[in-house]
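Going down the list, the sequences are from chains B and S.
Quick note, our numbering runs 599 ahead of the 1-based positions in the first sequence.
Quick note, our numbering runs 11 ahead of the 1-based positions in the second sequence.
Please note that the accuracy of each hint is not assured.
Unchecked claim - Residues of chain B placed beyond 12 Å of chain S at every Cβ, according to the derived structure:
hint	residue
1	833
2	1384
3	1426
Unchecked claim - Here's a subset of chain B near chain S, in silico, CB distances under 10 Å, partners left out:
hint	residue
4	946
5	1248
6	1252
7	1307
8	1334
9	1608
These are calculated hints, taken from the structure and not from any lab test.
As the structure is a computational prediction, the values presented were derived from the model and not from experiment.
The C-beta atom is built at its ideal place from N, Cα and C for all residues, glycine as well.
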Amino acid sequence: MFVHRPFTAGVERTDDSTGLRLLLVALAGVVLYHGGLLPFTHGNTYDAFIHMFFGDSYHRSWFDPWEPRWYTGFATTSYPPGTHMAMGALMYVMPLRAAFVVVQVVGLLLLTVGIYRFSLLWVHARAAGYAAIGLVLASSISETIHLFGQLPTIFSLAVFLNGMPYVFRWIVLGKFLDLGGAVVFAAATTAAHHVTTIFGGVLFVFPLGLHALRVVAVRKKPAGWKRWSTVFLAPLGRGVVLAVLMLAAILITVFPYWSWSINDPITQVPIPHGSRESFIERKDLGFIFFLLPWGTALLVLPYVAWKTVSTRLWPLGASVLICFVLGTGGTTPVPRAILGGAFDILTLDRFTFWGSILILPFVGLLIDGFLHGRSGAAMRASLGLGFYRVVVAGYFVAMVAVSVFAAILPTMQPTQPRLIDPAPIVQFLENDEHDHWRYLTLGFGDQFAYISAQTTALSVDGNYHSARRLPDLTRFSVERLENAKYLGVPGLGSLKQFVVNADQYNLKYVFSNDEFYDPLLHFNGWVRLNKLSNGITVWEKPDVTPLPVITPRRDIPRVHMLMWGILPPLMLTLAAMVFFTAALRRNFGALPMDVRPVVDPAAGFRHPRLIRWVVLGALAATVGLVGFVGWDLARKRQLPLSAEETIAAYFDDLDFRRFGSAYDRLDPVARPPLDDVMFNWRWEGGLIASYGKLSDIRITEVSSSGHLADWQVDLDWLTAIDVRHETLQVRTVERDGRWFVTPLGLRPVQTPARLQRQGEVAWNVVGRRQPRAETDLHRDRLDRPRISVHGLRLVERDGRYSVIGALTNSDADPAMSSLFAELWAQDSQLARRAAGQVMAQRLLPAETAGLRVDFEGVLSLTDAEERGVFDPTDFIPPEFPNPPTTATFEARSLVTGRDLYRGVALNGLRITQEAGQPVIEGLAVNTGTHSATIVCVIALLYDDDGQPVWTEAGFVDTNIYPGQSSPFHMVLPARSEINVISDIREDGMVVNGSAPMRDTGLPTAATGTIPVDIDGYSAVRLHVSSMTYDPLF
Amino acid sequence: MMRTLYALLFLLAQPGVAQETYSDAFGILPADAVGQARASWGGVSTEGEKPAEPPQSVLTFIGPKSMVAGKDIGHAVALVMDRFGNLVSDGIAASFALGPRAMSDEVTHYGIADVQFLPDPNAGTFSGGASVGERQSPRALFRVVASIESLSPELEATASLVPETFSRLATRPMADRFANPIEDGVGAGFILRHEDGTTSVIPATVQEAIAEAHWLVRDVGSGGALTASLADQESASEPVELDPLRAAIKAPVRAWPLADLDAVAMRVGPMTTSAGHMLSDGAIVDFSVVSASGARAASTAWVQDGFADAILPIAPGDGPFAVSVESALGLATTSVQTGLAPDVIRRAE
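Turn these sequences into a full structure, and let the hints guide you.
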């Protein structure tokens, strides 16, 4: 029964005992190190809160996997439930976050035992003990737990590794109890995370199977071909049987998951992941997804390569090296060639993680050799005891340092917003029936998932992109709406769909932790309600239809619900029983296993002196390499930038708020003190400086003379509203061989009045703010104000369909309006959309402004794939069976008393024609008493017949304090670009649920407009409104 | 065996009988199993119904919230309920008080009494209510507002515009055909069509029946024709003058070389005006320079403390320079030679 034993029985017992002691040290290390850090670090991780949300979902409803709180509903059968159910069960005795920490620590403890047991199959016990300690100090573990917050990955691998001894013994010895154990552990692993079982089968089980065959060969000592075939036939057959049963376990344990995958395939534009990038081009990603997880294990790779080619550990070594290659992501074409289409779906840092686990037996063996074996002795002999100690201690210190660095990295470089207290948000949602609508969070990071777990209110967003099915979400490569601004145009485009068409999704509340989104919300008809005690701003969209009492849900078969609620926890329980029974049977490791690995006899070093040269040579090479890289970097930093590079660097510094660096690039002779320059930057603020993100810069030389050069700098700024183009005239000067930017001064206009006194009208719409407990009383409701829509037309421009026209507040009170248009082809309705920012959302009585409702299609996944590269700025023309022939219109309004500032005038407007396009230029002047943070101008163009033909929204780039001004520039489309399809008749309009009514007459192109002399246009009507929240910087 | 079983089942089976059933939101069941109460829910039977008790509470609603004087018809509705909240039976008399008017002899239908009324054409806020027997409703308010449709704005005389000051633009008080003043907060606008072809758009709101704006006159080159607009009405245009600033004395231009940059710095100022003060800060000044060899350079600057500075990429030794300076004070040309920088002169002094 016993395989090859290189040691005497006494030595082996000592070795086993030492191994167990080292394991105990490792377990203590897990509890003290990771267990001590986890309560403080998990809040800064990416995934912890997502797993908590799933845990909470099972706690609320164990057997019903339909979760309505995200994405208008999704099935939790989209992710294996093992760890989440464990949390859900623990929530009966402890809070959610504590449950997460407990399950994570248990997973880590199991993983430590698992790596010890797995290593025992390859190396002797003491080395396995060191492997377990290596796991505790592995930077990949630190990163996975304290930075990524991955729970199922850790837990499933822990279960999987503990099943490996059964796999090994089944193949070698053929005991059915071992087969049962192996299958149970495979099923339990799948219950926690199916991917581990699938890839583990290749990366862990297959090498172990080869290793087991070698053990069989050593035991049976076959001679001759026939003997070989006879000896290997049985273990090979056992391997096949095991593979089939493991596959069955994978299928059955999470069968509802497979059913979901097949019946509801993911139709999602591939979402970029940093682990697929080239780590040479994106060194930051290379650091996070490759260098940091490998950590000091990278130093062991040459040892792995050597052991792979020289010892029986080659199957394990080969697996490590495969993981190493696959983990390089897009750095080389090899991973894509190996993985094919799966390359764009998988996150490749997973392979690096598995590689960093597979390498641990080698790490244990290496440390054991250094501390107790011949390599340590040889080093001491060749380099002396002092140097030996420096090397050993240095390696240990490096392991600890890298591991601790990975653990505290989120603290040093926060990846999440500050911790947000969920209680005020939860309370808000629970009060006054606010949970009768959906909500959305912005700028919460992954804490959104934790907020969701605290409430039963529903959100249109979610934090598990694989489960979403709404086309508006899956059309863009955007993971979630919550962090839309970091995803540029596609992110904001996706977010805008929901912000504009809020009624369609019953979306009424936005909790914003990022003022970047303020302009988007304000100019799309959202109202800033108040700030909660946790600093979160609540926005409300008035007049949104509440959720139906019964929301639609997917019909999940009852048998799937039962399977999902019973099988995964059952498998985990069975695996736990097997684990503890085996532990008891073996007296917690005191009794050795009945089958041991083959350990090659130790061979002495043939050239001990060579060690000295190799070690010193490697050291010298490392020092030389580091020195060269440092020198090269320093040299490059010293090289003076060209004028264009200086300009680009200056705006880049401003974009990233590196004001000190930007100041250093200003002409040292002409620049004022830093405080003055900072004042200039702060003063402008507005849509670009406060809410913009630089997305592109183009620099064109205007003139150059000696040491002076003038440039035209075109800047593209991504703002929440749109991409803004800014053109600046910039001068550079050359002094002592270096180029500097001449400071861009502010126009020093003086507000004429030292005290400006103006009366203004204010409104208070009381609503239910009454000292009575009822949530709703009829008498507190105000009638809808009368509004009129007129001159409505269906037009087409560049393949885009829009409904344009004019909106007049015909009431005696200010109105906040919601507008919707439907496209029709004959008698069939094609699409329905709401008006966004191209309308005046808030109108004073008797005011008129233009309106436009745009129709855009949804990109199909097939189209996206055909295009090859997904261009997020593409307009997706809507696909209709027939082209639209007409449209209908619906308008609703409420009385409002807020955001009605009308203090901004447009001075000296000059309307010219450039290539048929009207260009409006002038000066926006704040003549009132409020600070206009962002000014919006709605331009309604009338054609030669005096009928509305196009509406456009323009914005002033900077904020305008009272008495100050800012240039304004707006380009409108040429008349020839616009094709009028049909006029919308009054019987196609529904206003406030009935036929249009009005208190006032409706202005025509002749009233309150500016006549223009431009081809195809007769007049333009301008409406100016402002967002007046405190300017940001 | 199976045949025997089928035969037994056949013998045991009862013949199908048509049966009257009753269905409601709670399901379908045989009509003979339906209780009286349940039958009354669906209106199948009235046996389980009980008449409402005498009126206990009255709720009144009056709409629309703001009636246009002389145009809108109001609608007052009273919901009359018994002590359980049931609407009372038909034929119960209700009377309405609607501001200065009282209307009686209305009776309930399905528990509701209502009346349509034409409010007095005087604008204001009025209270109303309904009475049924001795029971009265809580107070309900309704407004009568001026008819915007029936008024037309007229401009108040506007004083001459002075650059960099606030100018008051206003209409005369506006009232409708019933002499009701227009409501506060109504949106209006002024449009000033300048003589130089540009236009200024100035929003305004109505207060005390006057549409008024305090407009900051900045970067406008001339006066023009002013109109006020409100809804679909526009006033007749009135001419508005702009008091242009004139230079008190021609502002001197000074130039000095920037040897390290191979350029020339220029300063114009002090830019004094006929109004007795320097040209306002922020006024735009355009420099245009031609050197002796014909090289040209241009730059734009803003006035600060009466001076405007510019650096022109032109060789310092290529003087004298023909300089054109254009500002709100007009176009001035001069010829300058480079000299000492102002700070050098100041130090020397």
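Hints and how they fare:
1. 833: 48 Å, holds
2. 1384: 8 Å, violated
3. 1426: Given that every Cβ of chain S is farther than 12 Å from that of residue 1426/B, nearest at about 33 Å, it holds.
4. 946: 51 Å, violated
5. 1248: Since the shortest Cβ distance to chain S is 21 Å, the answer is violated.
6. 1252: Violated, about 23 Å.
7. 1307: 4 Å, holds
8. 1334: 7 Å, holds
9. 1608: With Cβ-Cβ at 8 Å, under 10 Å, it holds.
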